[in-house]
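Enquirer: The listed protein sequences correspond, in order, to chains P and D. First residue of the first sequence? That's 1 in this note's numbering, and the numbers climb one at a time after it. First residue of the second sequence? That's 1 in this note's numbering, and the numbers climb one at a time after it.
Everything labelled a hint here was simulated from the structure, so no lab data went into it. Glycine residues also receive a C-beta, built at the ideal position from the N, C-alpha and C atoms. Hints should not be assumed to be uniformly reliable.
[Unchecked claim] Derived pair list, reagent style DSSO-like, types lysine-lysine, alpha-carbon separation capped at 30 Å:
id: 1; chain 1: P; residue 1: Lys339; chain 2: P; residue 2: Lys304
id: 2; chain 1: P; residue 1: Lys49; chain 2: D; residue 2: Lys14
id: 3; chain 1: P; residue 1: Lys339; chain 2: D; residue 2: Lys121
id: 4; chain 1: P; residue 1: Lys403; chain 2: P; residue 2: Lys276
id: 5; chain 1: D; residue 1: Lys16; chain 2: P; residue 2: Lys415
id: 6; chain 1: P; residue 1: Lys14; chain 2: D; residue 2: Lys272
id: 7; chain 1: P; residue 1: Lys398; chain 2: P; residue 2: Lys333
id: 8; chain 1: D; residue 1: Lys14; chain 2: P; residue 2: Lys368
id: 9; chain 1: D; residue 1: Lys28; chain 2: P; residue 2: Lys45
id: 10; chain 1: D; residue 1: Lys263; chain 2: P; residue 2: Lys304
id: 11; chain 1: D; residue 1: Lys8; chain 2: P; residue 2: Lys415
id: 12; chain 1: D; residue 1: Lys285; chain 2: D; residue 2: Lys263
id: 13; chain 1: P; residue 1: Lys344; chain 2: D; residue 2: Lys304
id: 14; chain 1: D; residue 1: Lys263; chain 2: D; residue 2: Lys402
id: 15; chain 1: D; residue 1: Lys2; chain 2: D; residue 2: Lys121
id: 16; chain 1: P; residue 1: Lys344; chain 2: D; residue 2: Lys337
id: 17; chain 1: D; residue 1: Lys14; chain 2: P; residue 2: Lys326
id: 18; chain 1: P; residue 1: Lys28; chain 2: D; residue 2: Lys415
[Claimed, not checked] Here are a few chain P residues that face chain D, going by a calculated C-beta distance under 7 Å:
id: 19; residue: Phe133
id: 20; residue: Asn137
id: 21; residue: Lys326
id: 22; residue: Ser327
id: 23; residue: Leu329
id: 24; residue: Asn331
id: 25; residue: Asn361
id: 26; residue: Ser395
[To be verified] Anything over 12 Å on all C-beta distances counts as not near chain D; from chain P, calculated:
id: 27; residue: Ile67
id: 28; residue: Lys71
id: 29; residue: Met108
id: 30; residue: Glu225
id: 31; residue: Glu312
id: 32; residue: Gln340
id: 33; residue: Arg367
There are 2 protein chains.
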Amino acid sequence: MKLKLGDKVKIITKDKEYIGIYVPSPSKNTFILKLDSGYNLGISKIKIKSIRLIKKSKEKKFKKEKIKFKKKLPTVLILHTGGTIASRVSYETGAVISRFKPEELISMFPELKKIANIKSKLIFQIFSEDIRFSHYNKIAKEISKNMNVKGIIVTHGTDTLHYTASALAFILENIPIPVILVGAQRSSDRGSTDAYLNLISAAYFIAKTNFQGVAICMHSSINDETCYILPACKTRKLHTSRRDAFKVINDSPIAEIKKSEIKFFKKPTITKEKFKLKLIKPNLKIGILKAHPNMYAKEIDNYKNFDGLILEGTGLGQFPINYLDKSTLENKKTYNKLKQLSKKIPIVMTSQCLFGSLNMNVYATGRKLQDIGIIGNYTDILPETAFIKLAFLLSHHKKDIKKLWNKNLRGEIDKRILPEQYLE
Amino acid sequence: MKLKLGDKVKIITKDKEYIGIYVPSPSKNTFILKLDSGYNLGISKIKIKSIRLIKKSKEKKFKKEKIKFKKKLPTVLILHTGGTIASRVSYETGAVISRFKPEELISMFPELKKIANIKSKLIFQIFSEDIRFSHYNKIAKEISKNMNVKGIIVTHGTDTLHYTASALAFILENIPIPVILVGAQRSSDRGSTDAYLNLISAAYFIAKTNFQGVAICMHSSINDETCYILPACKTRKLHTSRRDAFKVINDSPIAEIKKSEIKFFKKPTITKEKFKLKLIKPNLKIGILKAHPNMYAKEIDNYKNFDGLILEGTGLGQFPINYLDKSTLENKKTYNKLKQLSKKIPIVMTSQCLFGSLNMNVYATGRKLQDIGIIGNYTDILPETAFIKLAFLLSHHKKDIKKLWNKNLRGEIDKRILPEQYLE
């Protein structure tokens, strides 16, 4: 029997039986079944006694609707960059939508046509973990060429969606329209998909408000009922699989969307300044180094040819740099390497605690770090956002990095925690 | 006027006046005041118009109580390793307690003497960010020499307390008594200190239960009323300053302590196996590398002379390794370096999402990573615990790392997420 991908099969091993859809396997020795739960199960081929075909995979065609332009509705542009949200790859049906035409989007998400006139474009299709600075620039350029719409939705893989949100917030200075990033934690071919609500909610938010700037629209809870509009620079993926994986850190959501009802948690700011497209230099080398026990000076030295370094320190902004006796000799070496590197490139402190803000005056370690030029005291910026902000400053404000680090440029720092001298 | 550290002063600048305690400054150009809120404020010396002395610092002597051994009470040993919890450095009084005698502890925490007979020892006094593997061994040896008590409290700086908790859990195999790590987020000289409740709660927990093994005792909320006993390998510091900074991830607390009342959330396990002291090799070099956009292959190559590497991947366990076109050429190089390194040293995947578990079968990236030998699929281990577990396995089970990685050895993996083949 020749099995085809997408066939529903029963696999019988010595002890058990499994029913699922036959999907591609990473290894010759393993058979992968997509179970009804949506998850994949790997079964060693040597364990398999027999395989029975339960249902052949069948091709299903999507009905393509003709779209009428409705004068009363605003226009929303949907830009696709990859991820599971819009690429409905269903092994069950064999159908793949990848051309990303408005008709296809509307056949997948019919409610869209009631909310707005939909334009769409596939910019690229990439796993979000593979995204590089050049991709940010590509998305930003596409946005800057299309600002004659009510707003733009960027569909994106969730793994690095928050990095891209930060990047677009920095690149698109004073953007006068909403740019809403939307992902899906469960692919559109699963019953539990969050794609529908996330996309529809983003469309309602754009159609019904005058929000300006970059934000994220994702589920507010595991219930498939409400979404949050989340601040681009204060949000982080905090769960590998839950629909409400995206959490605001050191801030609050911007708004909640329940069907078409929108409730703002804070007053959106209105931009009057001129829009500027401030692209990130694609070849910048910036590292992220997390403090951990038993560090070696080599871990600092690794970055000697980089353009900048983000430290994920411990607690209020500490790093293992203190020498007490021979048991901590390596910490002294780490200190010396840090001191040396800090003369060459900007080194920024953040906290691996994620929540809360830095205070590098409380303990001697933080004061020593400040003395050798480590930047970051009094900020509550996320390490991921810090990484993007450093790339932005290295691209456009290289001489003012120290000064601008403690300024809140895009909502990345809670101004209330900044000491007076930064608030002028 | 000659000011002394600890003096209460009023500082007058051009625009403002500040009142606080004069504390040491990291820089010659800055004057640091400890405000009533407990936080420090730096003021540029050039801005200062005048300084007025409000109250001289005064030395206060602690009354040392004589301790009587009470036959009815259990004995608890308190081992001090550093951190703010027991080193009451008060600028207000000038008094410093650092010898860590039982009498001093009881003068600071009088309730202790009602709960247990207290023995104490200062092992070392170190900022917890500076702790190295050799320190874990020193603490563990001290514990192994003192198992004739009801239980042991280890006082510790909070920054890396969760790493040490994991390390002790792995090193002290089948420990028959409770070892409870306790820290304080606010130092004992502040009104808002959490030191008292954390220490007293740990003592009650040891005195009143038959718990065996390593755990953490810290505040359960910002109210100074209840503590949690937290699992050593499933807890992480998730706030820079809050009293309830320690959060359980992918698990639940073990118990709650309200004054002397203890409520268990799960049945503690009883150890019948023989206790073994399994020290960690102090010179192991293990790195932690977090996936981020725009990575360079060099960031992998940095670890070529290390003994092991923890990856903090994105989402379900991904890393930027896919080549699509010239925009992602560097990702291909990263893939090649990872493939090369994986032949030499164990490389383990964890998720920077922290919450949730890995599933490296869902996407092609995860499957490719498994193909080149990256370990970690189906685990929900924290990156910090993974770092410690890898050090432990490299020290004692070097040939079985792949096999043992997916076994739950110390509560570091939720067994329910493991596929069948790991549960035998």
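Enquirer: Taking the numbered hints from earlier one at a time, note which ones the structure violates and give those numbers from smallest to largest.
Expert: 2, 3, 6, 9, 10, 12, 14, 15, 17, 20, 21, 23, 26, 31, 33
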